[in-house]
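Novice: Once you have looked at the hints, place chain L on chain W.
Going line by line, the protein sequences match chains W and L. 1 is the number of the first residue of the first sequence in the numbering used here; add one for each residue after it. 1 is the number of the first residue of the second sequence in the numbering used here; add one for each residue after it.
Hint data in this document are derived by calculation from the structure and do not stem from the laboratory. The C-beta atom is built at its ideal place from N, Cα and C for all residues, glycine as well. Be aware that a few hints might be false.
[Claimed, not checked] Not everything, but these chain L residues come out facing chain W in the computed CB check (under 7 Å):
id	residue
1	Gly-85
2	Gln-100
3	Val-136
4	Ile-161
5	Ala-215
6	Leu-222
7	Leu-230
[As the list claims (entries may be wrong)] Pairs of lysine-lysine, BS3-like flavour, derived with a Cα cap of 30 Å:
id	chain 1	residue 1	chain 2	residue 2
8	L	Lys-55	L	Lys-3
9	L	Lys-55	W	Lys-181
10	L	Lys-59	W	Lys-110
11	W	Lys-153	L	Lys-33
12	W	Lys-110	L	Lys-55
[As the list claims (entries may be wrong)] In silico negatives: residues of chain W with every beta carbon more than 12 Å from chain L:
id	residue
13	Phe-12
14	Ile-23
15	Ala-30
16	Thr-95
17	Ala-121
18	Glu-157
19	Phe-299
20	Ala-311
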Amino acid sequence: MNHATRRGNATFGVLLVLIGVSIAILNAVAFHPGAGTQWTKRTEHVHTLEDGSDVRWTEHEAVSVKEGREMAALQQDAAPLLSRTAGLWGAAILTLCIFSFLLGDNPLYKAAEAIVVGASAAYWMVIGFWETIVPNLFAGLFPDWTRANFMPKLSAEASVDFLLLIPLALSVLLLLRLAPKIGWISRWPTAFIIGVFCGLRFISSLEADFLSQIGPTIKPLIVMGENGFDLESSFSNIVLVLGTLVCLVYFFFSVEHKGAVGKVARSGIWMLMITFGAAFGYTVMGRIALLAGRFEFLFDDWLWLIDPKDAHPAQVFLQTIAPMLT
Amino acid sequence: MMKRTIPMLLAMAAGIVMILAYFFPPLTPLQDKTTVWFNILAAVAFILGGGNLLKVHLKKVSDRREGWAYSMITLAAFVGVLAIGLFKIGVNPLDEFPDQRMAGDFRAEGSGFWYVYEYVFAPLTATIFSMLAFYVASAAFRAFRAKNLEAILLLGTAFVILLGRTAAGVFLTDFLPEEGMLANFRLENLTVWIMNNPVTAGNRAIMIGIALGTASVSLKILLGVDRSYLGGGD
Numbered sequence: 001m002n003h004a005t006r007r008g009n010a011t012f013g014v015l016l017v018l019i020g021v022s023i024a025i026l027n028a029v030a031f032h033p034g035a036g037t038q039w040t041k042r043t044e045h046v047h048t049l050e051d052g053s054d055v056r057w058t059e060h061e062a063v064s065v066k067e068g069r070e071m072a073a074l075q076q077d078a079a080p081l082l083s084r085t086a087g088l089w090g091a092a093i094l095t096l097c098i099f100s101f102l103l104g105d106n107p108l109y110k111a112a113e114a115i116v117v118g119a120s121a122a123y124w125m126v127i128g129f130w131e132t133i134v135p136n137l138f139a140g141l142f143p144d145w146t147r148a149n150f151m152p153k154l155s156a157e158a159s160v161d162f163l164l165l166i167p168l169a170l171s172v173l174l175l176l177r178l179a180p181k182i183g184w185i186s187r188w189p190t191a192f193i194i195g196v197f198c199g200l201r202f203i204s205s206l207e208a209d210f211l212s213q214i215g216p217t218i219k220p221l222i223v224m225g226e227n228g229f230d231l232e233s234s235f236s237n238i239v240l241v242l243g244t245l246v247c248l249v250y251f252f253f254s255v256e257h258k259g260a261v262g263k264v265a266r267s268g269i270w271m272l273m274i275t276f277g278a279a280f281g282y283t284v285m286g287r288i289a290l291l292a293g294r295f296e297f298l299f300d301d302w303l304w305l306i307d308p309k310d311a312h313p314a315q316v317f318l319q320t321i322a323p324m325l326t
Numbered sequence: 001m002m003k004r005t006i007p008m009l010l011a012m013a014a015g016i017v018m019i020l021a022y023f024f025p026p027l028t029p030l031q032d033k034t035t036v037w038f039n040i041l042a043a044v045a046f047i048l049g050g051g052n053l054l055k056v057h058l059k060k061v062s063d064r065r066e067g068w069a070y071s072m073i074t075l076a077a078f079v080g081v082l083a084i085g086l087f088k089i090g091v092n093p094l095d096e097f098p099d100q101r102m103a104g105d106f107r108a109e110g111s112g113f114w115y116v117y118e119y120v121f122a123p124l125t126a127t128i129f130s131m132l133a134f135y136v137a138s139a140a141f142r143a144f145r146a147k148n149l150e151a152i153l154l155l156g157t158a159f160v161i162l163l164g165r166t167a168a169g170v171f172l173t174d175f176l177p178e179e180g181m182l183a184n185f186r187l188e189n190l191t192v193w194i195m196n197n198p199v200t201a202g203n204r205a206i207m208i209g210i211a212l213g214t215a216s217v218s219l220k221i222l223l224g225v226d227r228s229y230l231g232g233g234d
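With the rest of the complex left out, here is chain W:
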């Protein structure tokens, strides 16, 4: 692809996003007023502390537009929420930015991709911090401080576990990987991680993946049912048992795949091809389901052009198209 074509594709990609957003704004103003709005039900919380001061906060629970309007009509506290509406529009624009890659690499796609990288790294760091480091390390080493600040439900009897100084020290050593001159010391915690993982997987893979796979494979090749010989079950068992065996022969590389072994190994390849074909079919289906989910987000939640969940009142698009189709 030459430079001019790439530039053309990039322009098309950016145009796709801009046109999409323009249509959405036009749609929200002229055709489906309020499209993309997010409604919430509000609950006010007021608590009086021991010193007499009040602590207040508002909790928002998502409701559909239809439910929200019904609640508002009944004088209940439901209304559109600007921050969530802005969030939904932002999500829709980011979705279009990613889809623009279909027309070629472009700055908007690259920007969205950069956001994914940064946000993902921080996302998993935050999850690891609050769900593993705080309850397992901080709560064990500084129980009073952790209880006072982060985990009020932590048992008052929890005592300091000095053994946790070992993973704390190993954690510090692991982070030293970022320092080039003494980065080698991170081999110690890395070795610990690898050792534990090997020990865990050694047992679990033999128990769950090896032994438990062999047991259900030992099946009778001739099945006798209530009415005598059961052809269907026998054929299924033969395929299962022989199929597993021929695949295993294919994976056995200590003997050269020649002559009889070669022929058996070749039938193992056929069996594996069927397995990969099924895996491929499921992968395609999974991706198409995800794609349908994204289109539903764009056309239902954002633009209100369709309404499969009966969540908002606008169905003008379908009402117009349906008579044409029938």
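Specialist: Just chain L now, with coordinates in the frame of chain W:
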């Protein structure tokens, strides 16, 4: 000694404790403790990853290398999400502990981190994965030309599975009876049979192979035969 022998002994000790605990139940508390330590280190590894990301992108920005503007966006997204998550921005306190804002659930609906997940992380990752639907279709068109028996089997199975799991499959073979031998050839039944028999056979062989491979690699590492994880140098 410090760079190779000690880490190797550490790996051996940690791994052997995990294996022995399976056979000697009195060692289970030690195994549980080691597992907690392992989880802590795995979480710290995410921090290491984040630190590395910062290092790489800050260098790119400071050197004004090609694409440095995107690195700025990455850094902004990283720092923003990190601050929102670690400082629990937008998190409401728990009703039982109204004076402890930092005790609230950081993933609760309406919290800053919830916004990040709902409106940035989930839509972006789902869209990226969904785009594979387009590329997998074009790749399949190029790669799976039915030029030999293996390709025919792969393509045929994928086709049957795709049809059999949708309404189209039921519709196409609706003329076949619902009971008896011929019922097995209805696409929805054929799909189930393929999944339960030849696919299970293939998967089992793969699982057995993986299990044996994992066990042998684990043993090699724990016995000090394989030291590749220690990297090069002394």
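Novice: Honestly, which of those hints from before does the structure not fit?
Specialist: When the structure is compared with the hints, numbers 16, 17 turn out to be violated.
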